[in-house]
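K.L.:
Here is how the chains run, residue by residue.
2 protein chains.
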Amino acid sequence: MSIITIVGAGMMGSAIGFPASGNGHEIRLVGTPLDREIIEHARKTGEHLTLKRRLPGSYRYYQIEELEEALLGADLLVSGVSSFGVDWFLAEILPVIPETLPVLAVTKGMQDTEEGKLIPYPHLYAQKLNRKLSLNAVGGPCTSYELADHDPTEVCFCGEDMETLRKIKALFEAPYYHISLSTDVVGVECAVAMKNAYALAVSLAVGLAERREGVPGKEHYNSQAALFGQSVREMRKLLKLVGGGDDNIVLGAGDLYVTVFGGRTRKIGVLLGRGMRFEDAMAELEGITLESIVIATRTARAVRKLIAGGKATAADFPLMLHVDDIINNGKDVNIPWGSFEVETQL
Amino acid sequence: MSIITIVGAGMMGSAIGFPASGNGHEIRLVGTPLDREIIEHARKTGEHLTLKRRLPGSYRYYQIEELEEALLGADLLVSGVSSFGVDWFLAEILPVIPETLPVLAVTKGMQDTEEGKLIPYPHLYAQKLNRKLSLNAVGGPCTSYELADHDPTEVCFCGEDMETLRKIKALFEAPYYHISLSTDVVGVECAVAMKNAYALAVSLAVGLAERREGVPGKEHYNSQAALFGQSVREMRKLLKLVGGGDDNIVLGAGDLYVTVFGGRTRKIGVLLGRGMRFEDAMAELEGITLESIVIATRTARAVRKLIAGGKATAADFPLMLHVDDIINNGKDVNIPWGSFEVETQL
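These protein sequence lines map, in sequence, to chains A and U.
Under the numbering used here, the residues of the first sequence are numbered 281 to 626, in order.
Under the numbering used here, the residues of the second sequence are numbered 281 to 626, in order.
Keep in mind that the hints were calculated from the coordinates and are not lab data.
From a predicted model like this one, the values you see are computed outputs, not experimental measurements.
It is possible that part of the hints are untrue.
No more than 30 Å apart at the CA atoms, straight line, and that leaves these computed lysine-lysine pairs for DSS-like [to be verified]:
#1 A:K517 with U:K408
#2 U:K517 with A:K520
#3 U:K591 with U:K498
#4 A:K517 with U:K498
#5 U:K498 with A:K332
#6 A:K547 with U:K498
#7 U:K547 with A:K547
#8 U:K611 with A:K498
#9 A:K449 with U:K517
#10 U:K332 with A:K517
#11 A:K611 with A:K517
#12 A:K591 with U:K520
#13 U:K517 with A:K591
#14 A:K498 with U:K332
#15 U:K591 with A:K520
#16 A:K520 with U:K520
#17 U:K498 with A:K498
#18 U:K517 with A:K517
Working from the sequences, and respecting the hints, build out all of it.
P.N.:
What follows is the structure, given as structure tokens:
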């Protein structure tokens, strides 16, 4: 039996312990300062407040002040924070853990730099830390509640060292949770970051159809498929520009597929497609700043710098730039369909 | 004004005339011997019997005996037949048209050869004909009724000669119908053929969830996304094996997306996922032989020959082989989730 300490008791942080728990490992779920209620509720009821699922019996619960106890004898630390918790995790958690304790982050996304680079979180952590840790991350299409329900799921763990990845995989691999491994951290994380912008883009087509037909309209798929195809085209280009392997489009397309169908990224895309302005759409979502909007903005900012630096052209990323214009520059939805046309001469 | 003669008055054959009609061209819709009722009904009512849409005023209607009249002065011949009509089209139509008349086929799919090659229809036609024709084809995600409704749609016309493709494009390009062009006929047609097997595969996940939860169940997306991702992986491999350009995955993914959501391929995948045997599922669909089943079978047969010839391994195509086992070898649905795992070492 191994001990897995998860810091960050949000939905995904909490759900990823399910397959490891089923493998007989002890799961110690540590709430961040924002998770107090979740931890209290779980202690009292055995249920997760936002995931709305019963947590496995092998889960133990800790408030952040009990972190030291939760880390005692741990074999793996999971970062369960969202991208909004990355700075906190970097400042408060990574400096106090043993250097021998490997880390697996569920946090998706990247940070962009002044120079237009996109840096995956494991690399960001490594740059900012004065210590050498084994920093690994999870990519791929996985919604937390379906994972908690044991739905068949395929993800990818990435990190510098294949042997370490194999050991971490052994803790989690389950009949319903399948794990590919990759040392291409930039490629995996980039694929997973980009899909935020593109899931919003594909969802625009749903809203555009509803604008013509009323709500709720019948779904129209030609237009969604056109945007899905263009998303795949642009994701492949961006993967190449950041130096990620081309085969990561498998993760990007799968993750795009799952994101188009669920949650708030789709919802805001649909509202925008109907003709609502970005500020009003965000207000409709009760002003919660969406992780996907932040990540889409960063990705678009990096793309604009790549274009400014002559490494790409605006014609390479018409859809990404349009999404950015909508969410950051106050533009109306006006899909540049014609700009998706290409001529391929053998 | 140009004259476009469409032979084959099925849904897609009839719908592709809409954008050209909007551009002011004359559309002559010629029924095959199987389309008599559609032509009669259209003449009487101006509506299409199966597409269930009013046809544009510039459409003229012809029974097959009136073909010669329909071809008089024509600038383009569209083949609107399905893959079941390919032999008929080759025997009855292509030998009697002027050599100067370019052809555009909406027929999707390929034929496999004894040696395990996949031959796109334009090449098949060229091989079997004793005359030199300009043979072009349409690929990409497009359902006929959405095209008839002027939904935004992106497709790709492919053929040997870019200049000819540009001329054909000029007839059809519309604010809602966008056309990429490609001389990579094998790549475009292969991408479009493969998606039939994979749309069935992704739909299995819907049925599998319903098997656990009852019908209609809630949709589960992790498992669909896992199958979608694996489909993209295998499609890229097959594209490479047949010598098609890698960027055609844009068409393959888009076409897969649209096919997962509509029609009988999804329906049979869902029924199989629920646990129904293939014969029973086909019976439920009233015994209509599905074009997609035929194309999936051909593609799988070619893949098995590639494996037998040492050009690929079974590990390259676990999902395609499983679909083939279900539809052709009487196997139960038992998705080989674990075989989708890969290790990527930089």
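K.L.:
Compare the structure with each hint and give your call.
P.N.:
For each hint, the structure was consulted:
1. A:K517 with U:K408: violated (39 Å)
2. U:K517 with A:K520: Judged against 30 Å, a Cα distance of about 18 Å means the pair holds.
3. U:K591 with U:K498: violated (41 Å)
4. A:K517 with U:K498: violated (35 Å)
5. U:K498 with A:K332: Within the cut-off at roughly 16 Å; holds.
6. A:K547 with U:K498: holds (18 Å)
7. U:K547 with A:K547: holds (27 Å)
8. U:K611 with A:K498: Given that 30 Å is the threshold and the Cα spacing comes to 35 Å, the pair is violated.
9. A:K449 with U:K517: holds (26 Å)
10. U:K332 with A:K517: Violated, at roughly 40 Å.
11. A:K611 with A:K517: Given that 30 Å is the threshold and the Cα spacing comes to 24 Å, the pair holds.
12. A:K591 with U:K520: This hinted pair holds, its Cα atoms lying about 27 Å apart.
13. U:K517 with A:K591: The hint holds at about 28 Å.
14. A:K498 with U:K332: holds (16 Å)
15. U:K591 with A:K520: At roughly 27 Å apart (the allowed maximum being 30 Å), A:K520 and U:K591 satisfy the hint.
16. A:K520 with U:K520: Answer holds: A:K520 to U:K520 is near 18 Å, not above 30 Å.
17. U:K498 with A:K498: Given that 30 Å is the threshold and the Cα spacing comes to 18 Å, the pair holds.
18. U:K517 with A:K517: OK: U:K517 and A:K517 at ~19 Å, within 30 Å.
The structure is inconsistent with the numbered hints 1, 3, 4, 8 and 10, although it conforms to all the rest.
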